[in-house]
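Heads up: the sequence lines are chains X and R, in that order.
First residue of the first sequence? That's 1 in the working numbering, and the numbers climb one at a time after it.
First residue of the second sequence? That's 1001 in the working numbering, and the numbers climb one at a time after it.
Hints listed in this document are in silico derivations from the structure and should not be mistaken for laboratory results.
These figures come from a predicted structure and were not determined experimentally.
All residues carry an ideal CB built from backbone N, CA and C; glycine is no exception.
Any given hint could be a false lead.
Unchecked claim - Simulated crosslink set (EDC-like; lysine to aspartate or glutamate; CA at most 20 Å straight-line): (1) X:Lys88 to R:Asp1215; (2) X:Lys415 to R:Asp1215; (3) X:Lys408 to R:Asp1040; (4) X:Lys184 to X:Asp240; (5) R:Lys1027 to X:Glu418; (6) X:Lys223 to X:Glu137; (7) R:Lys1053 to X:Glu137; (8) X:Lys415 to R:Asp1047; (9) R:Lys1027 to X:Asp240; (10) X:Lys88 to R:Asp1222; (11) X:Lys408 to R:Asp1048; (12) X:Lys415 to R:Asp1179; (13) X:Lys56 to R:Asp1222; (14) X:Lys251 to R:Asp1048.
Stated by the list, open to error - Just a few of them, taken from the derived set where beta-carbon distance is under 10 Å, the chain X residues facing chain R: (15) Ala94; (16) Ala117; (17) Glu120; (18) Lys189; (19) Arg191; (20) Lys251; (21) Leu292; (22) Val296; (23) Arg300; (24) Glu390.
Single-letter residue listing:
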Amino acid sequence: MELKRRSVLAALGAGTAAALTGCGSGASADGGSADGPAKGEITLLTPIYEKADGKKLLEQDIIGGFHKKYPDVKVTVDYTTYTQLNEKITTAMAGGLLPDVMMMGVGWIPPFAAKKAIAELPESLAAAHDYEKRVLEPSRYDGRLYALPVVLDTRIVVYRKDHFAEAGIKKTPANWTELRAMAKQLTTKGRIGFDPFSAELRQVWETFLFANGGSLFSDDGKKVLFNDTRGVEALQFFKDLIADGSADYTKKTELGAPTNVQTGKASMMVTTSALWKQLQDQKPELLEGDTLGAFVLANRRPAMLQGGTLVTQSARSKHPAAARAFVEYLASPESILGAAKQRGSVPGMRDLGAAGTAYTKENEFVDLSLKNLGNACSEGGTAAWMEIREKIKPTLEPAIVGGQSAAKAIAELGKLAEAAIARM
Amino acid sequence: MVAPALLHAALWIGLPVVASVALAFTKYDVLSAPQFIGLDNFREMLDDAVFRKSIWNTVVYTFFTVPVGMLLGLLLAMALHTGLKARGIFRTAVFLPQVTATVAIALVWLWIYNPGNGLFNSVLSIFGIHGPAWLLSTSWSMPSVILVGIWQGIGMKMLIYLAALQSLPKELYEAASVDGASRVRQFFSLTLPLLKPATFFVLITSMINAFQSFDQIYVLTDGGPANSTTMMTFEIYKSAFREFRVGYACAQSLVLFALLLAFTLVNRRMMGGTRGHS
């Protein structure tokens, strides 16, 4: 009996040890050589190419084109959303089934590159196409290239020209003082002057931080920089707008729902270039009637948050040559223009030919974004970003919807970020 | 005969439990191998204001959803037990939320709570009342989530109480009637004491369910606004899957387990276990 009990306990212990070691074992894997023929079965994990038209674009046009070029590679697609991307990756890693090719958001590269979960890409890929210099910065970690941009999503301010005309406002605000005054003036007839809250709070605050001359982290990603007066002022500005009655957190709209500028419930709002596509589907008369305009937020400097989707290769792929070939193909001009059009996003390279020019000129929000890539700033920049990004919204919200001061909220966030970086 | 069950339990329950306990003392991010850090995760939890808030929110949520849900479940079971017309339809309607995916339910409630064109505010506007932004207000978000929790849990409570009511001996009630006991007296002196084992079972399972509430928070509020609806399970999920801090999530899970165990033991002692009145 004693022997049996011991055996059971030993088996449990051994199993646990195996599970623990197994979970961590992949960390030492490298991607293997990407030289040699591209062949085998690979998996793509993607949070974009949503809905039926997105799936058709990816599976028929993009993967179809890839198969013609690489007939020995079979691609299986695993669709997800940005909200669920982390958990997909976590469970895949724990189960040792990390997809060969993964699409990720801006800011995600340093954490995954630091842990050697994604493979370094050859520098020649950075020069393969006519990328805007700024565009490739979020694809790098420690100076090395780990990803290629597929589409960019910028944060700009869209406004109602009819509301501006009604209020006698002839130009867009050049700084926050003007923005606050205009928002107050435009708050009338049951509408709010400015809606910064329908976009993700984390990214909106970052946009205001950058426009106020601030930064998130030091260049090496080891020092928190946002907890100075510029970060506090950015958050305080939201509180001031709410105090004026010209912004209202409870009037924010959900993603995909008709936006407040679209319905006329707000005169200005922070949004992305994808709003153009949404309006084409939901309220084209606003575009046809030239009712909407857009500008880049400015205070101490003009700043536009550059988010987007990057494509990376898993460091643990069993078919590195096939995975590398697919990464390159997904980031090639023939793939990214379709993805940008489908989402209303900004393509990250210039050499897209006549079709590309036609698209960027037609979507005025994309055009504005491309013209302002020099003012673009991105989130992330530290290996601890995955943890810090989750803390931003719940830590800042008490200052916006509760009575907490902006200084206290930013100090708290700074403390959490410093602790996360220290744990790296 | 015991071996397959033992193997199953060891593999699918024992191993994960042992692994969770072991990982609670490590720094583990899935990307690299776990590192032993002793009690650091537990020390950090003491300073984690959001996790403390989530414990409080979980207790508040449980405090309201469990007793209110039990009372309503019992009332509905009694109504169905006493020969209500169209019992089948009524029983199905009450039980339906229990077997419907929480995500689907939460999406319907998202519409009901929509401050612009949701059902609640539309009805309130008929009476000239400007309804709040239910899920975006720190004052209203928790009551809104509690309401969904109560509504969703009533079906199972009702079903257990109904089964228990149907098994109560009729001769006791006949004797009580002969002795001149009123319906109210019968309820308090016979029904409630006889339902004690069922009540204990409903209380414990409801409490465990309430402590493990996750789906409705995930879909309805994402723990916000300002952490006003975040719960322990939601924080565990965030730590593990959004922040890649699996070791810390395991430590949080142990705290959840300890709390549940403590509450169960207290309840067991207070109610005298599962023994009914003889």
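Inset, instruction - Could you tell me which of the numbered hints above are not met by this structure, giving the numbers in increasing order? - result: Going through the list in order, the structure violates hints 2, 3, 7, 9, 12, 13, 14, 17, 18, 19, 21, 22, 23 and respects the others.
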